[in-house]
Amino acid sequence: MEHKKVKLMTSRNTRYYYLLALLPFVFLVVMYELLPLIMLVIDSFGLDKKPEVRFSLENYQKIFSTLSYQRAIENSLKITLISTVVGIVIAFLGARAAYTSRGKFRSVFLTVLNMTSNFAGVPLAFAYMIILGNAGVIKQIANMYGIGFIQNFDLYTSNGLTMMYIYFQIPLSTLLLIPAFNGIRQEWNEANMLLGGTNTHFWMHVGIPVLLPSLFSTLSVLFANALCAYATAYALLMNNFSLLPVNISASFVGDIKTKPKLGAALSVVMMLIMCVVILINNFITKKTTKWESR
Amino acid sequence: MRKGSKVSSNIIMTLVTVWLLIPLLATIIYSLFEDWTGIIPHGFTLANYQKIFTDTAFLTSMYQTLLVCVIPIVITILVVLLGLFVVTVYFPKLEKYMQILCMIPYTIQGVILSVSILILYAKGDTVLSGRMTMLIGAYCIIILPHIYNGIRNGMRAINMNMLLEAAEMLGESKLKAFFKVIVPNILTGITVSSLLAVGLLFGDYVIIRNLSSSNVNNMQKFLYQAMKRSSAEASAVFVVIMLITFAITAIVLTLQSRSTLEKIRNGGK
Amino acid sequence: MAYIHFEKINKIFGTNHVLKDIDLDVEKGQLVTLLGPSGCGKSTLLRCLAGLEQVTDGHIYLDGQEITDVVPRRRGIGMVFQQYSLFPNMNVRDNVAYGLKLKKLPKAEINQKVEQMLDIVGLSEKISQYPAQLSGGQQQRVALARAMVTAPKVLLLDEPLSAIDALLRKNLQIEIRRIQQQLGITTIFVTHDQDEAMVMSDMIHLFHEGKIEQSGTPEQIYTRPATKFAATFIGNYNLPTAADFNRAFHTDIPGQDVAVRPEIVTLTKQAPKAEDGLLVAEGTITSHISHGNLIRFAVEFEGGLTLNADVVYENKLDFGEGDRVFAAMKKDLVIGL
Chain U
591 MEHKKVKLMT
601 SRNTRYYYLL
611 ALLPFVFLVV
621 MYELLPLIML
631 VIDSFGLDKK
641 PEVRFSLENY
651 QKIFSTLSYQ
661 RAIENSLKIT
671 LISTVVGIVI
681 AFLGARAAYT
691 SRGKFRSVFL
701 TVLNMTSNFA
711 GVPLAFAYMI
721 ILGNAGVIKQ
731 IANMYGIGFI
741 QNFDLYTSNG
751 LTMMYIYFQI
761 PLSTLLLIPA
771 FNGIRQEWNE
781 ANMLLGGTNT
791 HFWMHVGIPV
801 LLPSLFSTLS
811 VLFANALCAY
821 ATAYALLMNN
831 FSLLPVNISA
841 SFVGDIKTKP
851 KLGAALSVVM
861 MLIMCVVILI
871 NNFITKKTTK
881 WESR
Chain P
15 MRKGSKVSSN
25 IIMTLVTVWL
35 LIPLLATIIY
45 SLFEDWTGII
55 PHGFTLANYQ
65 KIFTDTAFLT
75 SMYQTLLVCV
85 IPIVITILVV
95 LLGLFVVTVY
105 FPKLEKYMQI
115 LCMIPYTIQG
125 VILSVSILIL
135 YAKGDTVLSG
145 RMTMLIGAYC
155 IIILPHIYNG
165 IRNGMRAINM
175 NMLLEAAEML
185 GESKLKAFFK
195 VIVPNILTGI
205 TVSSLLAVGL
215 LFGDYVIIRN
225 LSSSNVNNMQ
235 KFLYQAMKRS
245 SAEASAVFVV
255 IMLITFAITA
265 IVLTLQSRST
275 LEKIRNGGK
Chain X
46 MAYIHFEKIN
56 KIFGTNHVLK
66 DIDLDVEKGQ
76 LVTLLGPSGC
86 GKSTLLRCLA
96 GLEQVTDGHI
106 YLDGQEITDV
116 VPRRRGIGMV
126 FQQYSLFPNM
136 NVRDNVAYGL
146 KLKKLPKAEI
156 NQKVEQMLDI
166 VGLSEKISQY
176 PAQLSGGQQQ
186 RVALARAMVT
196 APKVLLLDEP
206 LSAIDALLRK
216 NLQIEIRRIQ
226 QQLGITTIFV
236 THDQDEAMVM
246 SDMIHLFHEG
256 KIEQSGTPEQ
266 IYTRPATKFA
276 ATFIGNYNLP
286 TAADFNRAFH
296 TDIPGQDVAV
306 RPEIVTLTKQ
316 APKAEDGLLV
326 AEGTITSHIS
336 HGNLIRFAVE
346 FEGGLTLNAD
356 VVYENKLDFG
366 EGDRVFAAMK
376 KDLVIGL
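Chains as they are written, first to last, in this note's numbering: chain U, 591 to 884; chain P, 15 to 283; chain X, 46 to 382.
Next up, chain U with everything else stripped away, as it sits in the complex (with noise of 0.2 Å):
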């Protein structure tokens, strides 16, 4: 019996002796995940012209009063709205078809995703400046065929970007749906039939029900994805369009003078959008799930 005892104590020991090997993880996450989230919520209530303050709204407050940080937040949801909208539908649309279809088509479409999910950034907005820039290859054709609507577009301009942003999206979010939409057995559409239901009744009472938790949290990401977005604005428009993400990188990086403490100020606004966006996403879910529960 005692030696048994001894055993066990050694064993305890050793046990938190364990803990030795879960410190390089808390090292990294403490050192460039959580000290540095918490000096910038604690920076943004600090004044950049007077160091000696430390608990001031002033940041906030100019935030929300200057037309150029309202113009950017604006513009940062207005094109992360539109880009997530418009990149689900057609991912939705993109997914039901790789649903509904099989063989060549399909391989094709999905290897073209996969192929254009990583093309985002610099690469994409130049891509972009290549084909309809001011002297790009589809405006250069459309010159000479004159056809208008081409002509008149200017990549330049937040109608350029969001173009873009909605070709980011379109690849991940349709890769995200893609595997939701296999969950759908082909028996629940064959029972609406038989029950008396058209295609419209089944994706109405049985598809998008089934399909929403999936398509909310989709949502989420887009909207992540395209509020965080920096290189495909930078490389189009550099500092001269306002946009989050641009805004917070000039106010510490940049040739004007900088103004980290805003930016930092900045940057909580940047994430309080972001988590209103995961509470309402959580609180959907929970709405659109409770079939699931066992």
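Source of the hints: derived by calculation from the structure; they are not laboratory data.
Do not take every clue at face value.
What the hints assert, rightly or not - One-sided and incomplete, this derived list gives chain X residues near chain U with beta-carbon spacing under 8 Å: (1) Leu97; (2) Pro117; (3) Arg118; (4) Met124; (5) Phe126; (6) Tyr129; (7) Ser130; (8) Tyr143; (9) Leu147; (10) Tyr175; (11) Ala177.
The structure presented is a predicted model; accordingly, all values stated were derived computationally and were not measured.
Don't be surprised by glycine CBs; every beta carbon is placed ideally from N, CA and C.
Following the hints, complete the assembly by docking chains P and X onto the known chain U.
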């Protein structure tokens, strides 16, 4: 399904495919010709490629890209492996917190992460304030969700605790058994998630721009500078970047389909 | 014309000729089983009747009307699938009410019919649960209620019990048969399980490679297989060649092969009294396998013929391996194929 819906499916897939391919193909063609002002490009040439592959700045950026991709991935894999081992075997109650910590980077992403690291370390003068240290730290965090998910899913798929107990009965210590038995078994999962991480870091522009000094360039930064100089040269850089991206994606896809095939085969037994 | 009438049905998938000139009648109120191994076309015929597949050629009539080209939702057919056919986002009540709501019946009537039907399948207390909270057997009973509540002209059951474990399956077989008879609903049942077909059916149609191999009552199919395939698929028939059998038993059964059910063979140590129409031969027991109440002996005769014989186990084994025994059977129970 009805015939009509099949036709409309094919139309939708074709439209999306074309829409996604136009910018890519156009830029590839652009890089291979001297002049493209009409419909048909003129003067096939490889000069653009010759130029960038003889440019030491470009070759340096390739090398530096490789470096800043590989180091963070190795660090993160080791750190997460150790952490997940301890947590799942000895402290399962901590699992939840570990997961939350690993998922935060999903929502903060590059811009906020890079500026918050700048705030914390830029002014100091220790090792931590080195540009390279900050960059690698940020990269480790940004790939954390992918690496964590890859290893976690791998562990779930193989019933780790049972395997560890079996190894322990054969006289191995759990830690040893973990690296000898578990890690080789989840290697495909680790490979896939590190390749996804390579794809992510390879495409990074904002973190490296905000954190690194001007003499550290990855290929994205190089492309940005090149397109300010000459779009002909930049188009060749673009094609090289896309080819590398495609290669990574292709490897991921083959590994994934092979591992699902294996699963099906094993399930069949 | 019969209540359901299939006329020269052909179905071709690509190069695969799945149904070949099928003619089949089903009388009103009957439970008819399409029996056969997987891939024999039985499910395809069912799906053609439901309108989920288009026939390549042929005509289908239901209740005197041709329905070959009618869309599924206007055919008045209820169907239960193998599994997972319940709408996962609806609870039991909404699943069962789905078809009635599409018919735009008044709410009170819908509720009353749903509750009545759930009472019949014995799931009244599960009315507000979701499919994920039910067992496989409960899910199939809900599916049955959903298919029957709209009072379809025909009920189709496509291997509804194949994913359910053995014990529960037996109960559900009896229950489905009871409900079918209680409501008098014309039912077509598809299965690959011969026992299931025997328990449940008024009529069995045995399918083989896109054709109907044999039709008849369960008893007819069991005792009088018409072809070698039917004999292989049903029961545990011995199927020696006629030549081998006739040589060993000194008789003259016509045809290529002979089908002998193991339970018609009696084994004795002494030679039985010679009778008219009794075939007797002496052989050696080579093995025995216990099936609980039955012992199956393998007996080898001169010329290499081996037959299985089932003996009801009473309290001891009369013979063992290597024993010489006399095997006897009535000639008119031996079937020449």
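Could you work out which earlier hints the structure fails to respect and list their numbers in ascending sequence? No numbers; nothing is violated.
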